[in-house]
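Trainee: Chain R is fixed; fit chain L onto it per the hints.
There are 2 protein chains.
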Amino acid sequence: MGSCLCKERQHPATFNYFHFMKIVLLGAGNVATVLGKMALDAGHTIVQVYNRTPAKAESISKMLGAEVIDHLSRLSDTADLYLIAVADSAIASLTENLHVSKGILVHTAGSVPMSALLPASKNIGVIYPLQSLRSSRMPAAPFPLLVDANTPDGLLLLSDFASSLSPMVSQANDEKRLRLHLSAVVVNNFSNHLYTLAKDYCTQHELDFRLLLPLIKETADRLEAGDPTDWQTGPAMRNDEATMQQHLQLLESNPTLANIYRLISESIREYHRGN
Amino acid sequence: MGSCLCKERQHPATFNYFHFMKIVLLGAGNVATVLGKMALDAGHTIVQVYNRTPAKAESISKMLGAEVIDHLSRLSDTADLYLIAVADSAIASLTENLHVSKGILVHTAGSVPMSALLPASKNIGVIYPLQSLRSSRMPAAPFPLLVDANTPDGLLLLSDFASSLSPMVSQANDEKRLRLHLSAVVVNNFSNHLYTLAKDYCTQHELDFRLLLPLIKETADRLEAGDPTDWQTGPAMRNDEATMQQHLQLLESNPTLANIYRLISESIREYHRGN
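If you read the sequences in order, they're chains R and L.
Take the first sequence: its position 171, counted from the start at 1, is 188 in my numbering, and no numbers get skipped.
Take the second sequence: its position 112, counted from the start at 1, is 129 in my numbering, and no numbers get skipped.
Next up, chain R with everything else stripped away, as it sits in the complex (with noise of 0.2 angstroms):
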């Protein structure tokens, strides 16, 4: 069983392969500052960082000690790594003028078919990191990467250079990929959402906001501990409908927060009805 892996986890010479790698990102935004930051504190080299427009990638480059390039003619061919880490809708049009005939082509999106990324190289796969990222902040805990690639040799590599930056690596194909982004929004995009709407709501009556921040933090934190079903409280649960009609009548002049009091409500009246 030894050797057997041995065997596997050997690279083949296509890819260059070295426990460091020669990254080269193509975008310059959160993805690509965060992910890069990680590799370079990783001990990996970060050898160029594309941006259509170079002064937006001034600072990152700087940061992670890469040359700029502005145009993909100029893209190094000895990297080991193409890191795509721009706007799901770009990748498309990057492709198509994009050719990476050694190393490695990824791209970092949730909700993207690795197969995008065909037309402009054979060695292809995915790592999207499931947190939400910005350049100003490093996230203080790892986070999952989930890696794909098109072949056996390519999920090894990913999977190797994925660890060395996160202790949370597992494979996931396309459509566990675009699942796992779907649930990622409904629990950060649509959480901060309501976030930022208590947060107008006490803005609006003159309430500190931050006195709220203890149970934001204990909401998520007891998940460790247990289910989210298994911790759900308040009136909708209880089914207590003379505080529910108390909150929409302060909800009067703010329509769009009384829709969802009503929609979010009836949803956990309905889902823990009888218990």
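Hints listed in this document are in silico derivations from the structure and should not be mistaken for laboratory results.
Among the hints, a few may not be true.
Identical chains share a label here; the pair holds if one copy fits it or two copies do between them.
As the list claims (entries may be wrong) - Straight-line C-alpha distance at most 20 angstroms; calculated SDA-like pairs for lysine to any residue:
#	residue 1	residue 2
1	Lys-193	Asp-105
2	Lys-234	Met-185
3	Lys-119	Pro-136
4	Lys-193	Leu-265
5	Lys-39	Lys-139
6	Lys-193	Thr-220
7	Lys-54	Thr-220
8	Lys-234	Pro-159
9	Lys-73	Gly-46
10	Lys-39	Ser-118
11	Lys-79	Ala-59
12	Lys-193	Ser-270
13	Lys-234	Asp-244
14	Lys-234	Ala-157
15	Lys-54	Asp-191
16	Lys-193	Gln-262
17	Lys-193	Leu-224
18	Lys-193	Glu-269
19	Lys-119	Glu-287
20	Lys-79	Ala-157
Mentor: Just chain L, lined up with the frame of chain R:
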């Protein structure tokens, strides 16, 4: 100024005030358990726990070293603080049969006016914990206690008591408390329900919901470092219609989550339009 503050802080003899209070808990549920435990840990004494079904009060009274009573006629008349922690809808019927002649009577509800206690006592107040409390889990971090009382002396007494339990004590009248309760429902109950729906969706598709925990935690934690508005990301925020349509297709067999997806995405798009 110093002497003025000292004078304000003289407590009238009618309250029989000591730093360490003698407390009667009316109720034996989540709020009574957590606040009772916090009071005990802070050096106060829980003299009695009242519950109509005494069996339900057995474990809490044992933990707190308190006598269980199942009839209000056996209520101690020498406690300093009578703390009601029952369902909002049960407060009215409880106060009908309750008479507190010494000490102060408080409730712990976000959406019940303080005056609901007037039938039962001359000295009344509120201690509202701005946290989702469960007897099975003591919150890891301090949380706000919002106090109110119908006299300045009562307010001082409750502020001092609350300050012995939490470093985050502030005053909130009925309206402020109700609005904060509404905000708490939005950030806690609604977010937790989103987690519930996302977990069910993951389970349905054999995905590990725990992969989303670092994202959920980060979404909460980074509010310490900036407004939720500034942290918003995702397809709705960047008006990425293609990804939203892909997600809605994945939710075809899940109309509840699809409706929530549509409504909140629309609200995010509307909110960040032109950003």
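Trainee: Are the hints correct? Go through all of them and say.
Mentor: Right, here's what the structure says about each hint:
no.: 1; hint: Lys-193 x Asp-105; verdict: within (17 angstroms within a copy, 44 angstroms between copies)
no.: 2; hint: Lys-234 x Met-185; verdict: between (22 angstroms within a copy, 15 angstroms between copies)
no.: 3; hint: Lys-119 x Pro-136; verdict: within (14 angstroms within a copy, 82 angstroms between copies)
no.: 4; hint: Lys-193 x Leu-265; verdict: between (38 angstroms within a copy, 15 angstroms between copies)
no.: 5; hint: Lys-39 x Lys-139; verdict: within (18 angstroms within a copy, 76 angstroms between copies)
no.: 6; hint: Lys-193 x Thr-220; verdict: between (40 angstroms within a copy, 12 angstroms between copies)
no.: 7; hint: Lys-54 x Thr-220; verdict: neither (36 angstroms within a copy, 33 angstroms between copies)
no.: 8; hint: Lys-234 x Pro-159; verdict: both (18 angstroms within a copy, 11 angstroms between copies)
no.: 9; hint: Lys-73 x Gly-46; verdict: within (8 angstroms within a copy, 56 angstroms between copies)
no.: 10; hint: Lys-39 x Ser-118; verdict: within (15 angstroms within a copy, 78 angstroms between copies)
no.: 11; hint: Lys-79 x Ala-59; verdict: within (17 angstroms within a copy, 53 angstroms between copies)
no.: 12; hint: Lys-193 x Ser-270; verdict: between (41 angstroms within a copy, 17 angstroms between copies)
no.: 13; hint: Lys-234 x Asp-244; verdict: both (16 angstroms within a copy, 14 angstroms between copies)
no.: 14; hint: Lys-234 x Ala-157; verdict: both (14 angstroms within a copy, 10 angstroms between copies)
no.: 15; hint: Lys-54 x Asp-191; verdict: neither (26 angstroms within a copy, 49 angstroms between copies)
no.: 16; hint: Lys-193 x Gln-262; verdict: between (40 angstroms within a copy, 17 angstroms between copies)
no.: 17; hint: Lys-193 x Leu-224; verdict: between (42 angstroms within a copy, 7 angstroms between copies)
no.: 18; hint: Lys-193 x Glu-269; verdict: between (41 angstroms within a copy, 16 angstroms between copies)
no.: 19; hint: Lys-119 x Glu-287; verdict: neither (55 angstroms within a copy, 44 angstroms between copies)
no.: 20; hint: Lys-79 x Ala-157; verdict: neither (23 angstroms within a copy, 41 angstroms between copies)
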